[in-house]
Amino acid sequence: MVNVVGEQPTREKSAPLVPAPHVDAARHKPSEPLPPAEQVLRAEHLTIRYGTFAAVKEVTLDVSARRVTAIIGPSGCGKSTLLRAMNRMNDFVTGASVQGRLFYRGEDIYRAGFDPVELRLRIGMVFQKPNPFPKSIFKNVAWGPSINGYRGDIEELVEHALRQAALWDEVKDKLHESAYALSGGQQQRLCIARAIAMQPDVLLMDEPCSALDPIATARIEDLIYQLKAHYTVVLVTHNMQQAARVSDRTAFMYMGELIEVDDTAMIFTMPGEQRTQDYITGRFG
Amino acid sequence: MTVAPGLFVPRLRHRRRIGTIVATACAVLSLIGVMFLGVLLVRIGKEGWSWLTTAFLTNFPSVLSPELAGIKSALWGTIWLTLITVSVSVPIGVAAAVYLEEFARPGRVRWFIHINISNLAGVPSIVYGILGLAVFVRWMHLGRSVLAGGLTLSLLVLPVVIIASREALSAVPKSIRLAAYALGATRWQTVRSHVLPAALPGIMTGVILALSRAIGEASPLLILGALTYVAFVPQSPWDPFTAIPLQVYDWIDRPQPEFHHLAAAGIIVLLGILLPMNALAIGVRAWHQRKKAW
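As given, the protein sequences belong to chains F and G, one line each in that order. Per this note's numbering, residue 1 is the first one in the first sequence, and the count goes up by one each step. Per this note's numbering, residue 1001 is the first one in the second sequence, and the count goes up by one each step.
Hints are computed from structural coordinates only; laboratory data are not their basis. All of these numbers come straight from a predicted model, not from anything done at the bench. Even glycine gets a Cβ: it sits at the ideal position worked out from N, Cα and C. Do not take every clue at face value.
As the list claims (entries may be wrong) - Coverage of chain G stretches by chain F, computed from C-beta distances (three or more under 8 Å per stretch; other residues unrestricted):
(1) 1175–1183
(2) 1189–1202
What the hints assert, rightly or not - Distance windows between CB atoms, simulated:
(3) F:Ala166 with G:Ala1027: 26 to 32 Å
(4) F:Pro214 with G:Arg1011: 44 to 50 Å
(5) F:Glu155 with G:Ala1027: 28 to 34 Å
(6) G:Ser1175 with F:Met255: 26 to 32 Å
(7) F:Arg163 with G:Ile1282: 42 to 48 Å
(8) G:Met1140 with F:Phe53: 50 to 56 Å
(9) G:His1141 with F:Arg122: 53 to 59 Å
(10) G:Ala1286 with F:Asp213: 31 to 37 Å
(11) G:Pro1091 with F:Val93: 28 to 34 Å
(12) G:Arg1015 with F:Asp213: 40 to 46 Å
(13) G:Leu1029 with F:Ala166: 57 to 63 Å
(14) F:Gln128 with G:Ala1286: 38 to 44 Å
(15) F:Asp213 with G:Met1035: 26 to 32 Å
(16) G:Arg1011 with F:Gln128: 45 to 51 Å
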């Protein structure tokens, strides 16, 4: 296990390599060791192929509970493919095949007979482009719980999810209007609300801000930061500043391989690998 | 490298003239189609308009006194045929489209079915008449009933319904399906709650256009042995019938000019059914285009 309790940075402190990404000091204290965390997801020698092309090669990675784990790397490095493997969304890609093992709370989710529908109840996903259903705001959030037999007060749940997604105040008076009437940033927060209405254990986010403007991005980032109080978040991004701002652990992928994974502060100040350093200092990617 | 400006020879005047010529030619050619439709409508209108009375709609056909003849039995026959065709071809066609588009794994079997359906859509309608005669009239002993006619027309429009429905389903963006799956929905829940409602206007458009084709068909019904002179309204699916195109065909075939007027009036009734249906299809499509936002 990589992410053991109180693992102390052993490398010597040096000047940050990146012209310090703006980090809100009050909410992000990289120097403090993280409290103990349980392991939620674990990839073991995971290889994912599209046809004969290996998009992810022999990746071994742990994801800890109630942390934001960022996966960074240049376009085409396999980070989204790895993310989509975690709730088996690659099942919908023709020609995708998986080797190695991927554990969710101790269970191999790629073993024969494993039910991916059940898995996706526990592991929600937010996509790159906002993709609300062509329905009302309320129905967008309520649909997931309702098809999964939610017996509680659905209106309360919708309000709760929309509040958690920091969208409630903007939409409370138009819950029954079309979701398409919202702005792009609002639609993405609606998609986050839709995912967290299922009370998932893990939230996978696939470049959730890449289609948004800087203001909407800042709101989503704040939101991700708050979400880790309740959820385990895995965030794929090609925006290094974003990874530095919101994540606790950062994994750097390049050409399908996992080059390095460490506490975010370490990755951005003292990366162990030359390729990581080249990437975060902007020499390529 | 530097490019001498003298190397460009724009010949703008020449290019603009070619553009004008092509645009004019296209306008003239498109008018030819509209012109023929206009001529047809005027001719039919002239011949049949004065014969189109309420009595024409409520009387049965008459061989002896054309001035008393009406289209009642054919009109009801067409209504029966339409209802049977809708209730058979829509469920089967939409179900087949949903299976092929949403459930079947891409592969040889799906490809084989797809090719066959596309080919069936191009089979001449008279061949469906032969099929209907063999299967429904003879083998299933349905006789020359309106049920046999409706089932035959259902077969005729089924490929069109399937193809139109598949196109409507595949036009629904994949991102909506993925969003549903990511919430722990099964395939059927995804299709039922999101894909089908989003595809419905497209499916409806296809169904209406397919039906308007079925309503205008005469040849498969003739092969089945449908009657052209019927002095009653079908009371059950097992009754003999006639349809408007058959009635028109019968009238046109007679030498006396009165019957030709009757035929023209029958064509007006047929157009009176088909044009609103097509208008409805266009309306549904336009409404859908405005509504969807993906």
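Hint check results:
A stretch counts as covered by a chain when three or more of its residues have a beta carbon under 8 Å from one of that chain; for the segment 1175–1183 of chain G and chain F the count is 9, and the coverage holds. Counting residues of the segment 1189–1202 of chain G whose CB lies closer than 8 Å to any CB of chain F gives 5, which reaches the minimum of 3, so the coverage claim holds. Separated by about 56 Å at the C-beta atoms, Ala166 of chain F and Ala1027 of chain G break the suggested range of 26 to 32 Å. Taking the beta carbon of each, Pro214 of chain F and Arg1011 of chain G are about 48 Å apart, inside 44 to 50 Å as hinted.
For Glu155 of chain F paired with Ala1027 of chain G, a C-beta distance near 59 Å fails the hint of 28 to 34 Å. At roughly 27 Å, the beta-carbon separation of Ser1175 of chain G and Met255 of chain F lies within the given 26 to 32 Å, and the hint holds. The given range of 42 to 48 Å is respected by Arg163 of chain F and Ile1282 of chain G, whose C-beta atoms sit roughly 45 Å from each other. Separated by about 54 Å at the C-beta atoms, Met1140 of chain G and Phe53 of chain F satisfy the suggested range of 50 to 56 Å.
Here the CB-CB span from His1141 of chain G to Arg122 of chain F is close to 57 Å, well matched to the stated 53 to 59 Å. Distance hint check: the CB atoms of Ala1286 of chain G and Asp213 of chain F are about 33 Å apart, consistent with the given range 31 to 37 Å. At about 32 Å, the beta-carbon gap between Pro1091 of chain G and Val93 of chain F stays in the expected band of 28 to 34 Å. Roughly 42 Å separates the CB atoms of Arg1015 of chain G and Asp213 of chain F, a value that falls within the hinted 40 to 46 Å.
For Leu1029 of chain G and Ala166 of chain F, the hinted distance range of 57 to 63 Å is satisfied, since their beta carbons lie about 59 Å from each other. Taking the beta carbon of each, Gln128 of chain F and Ala1286 of chain G are about 32 Å apart, not inside 38 to 44 Å as hinted. At about 54 Å, the CB distance of Asp213 of chain F to Met1035 of chain G disagrees with the hint of 26 to 32 Å. For Arg1011 of chain G and Gln128 of chain F, the hinted distance range of 45 to 51 Å is satisfied, since their beta carbons lie about 47 Å from each other.
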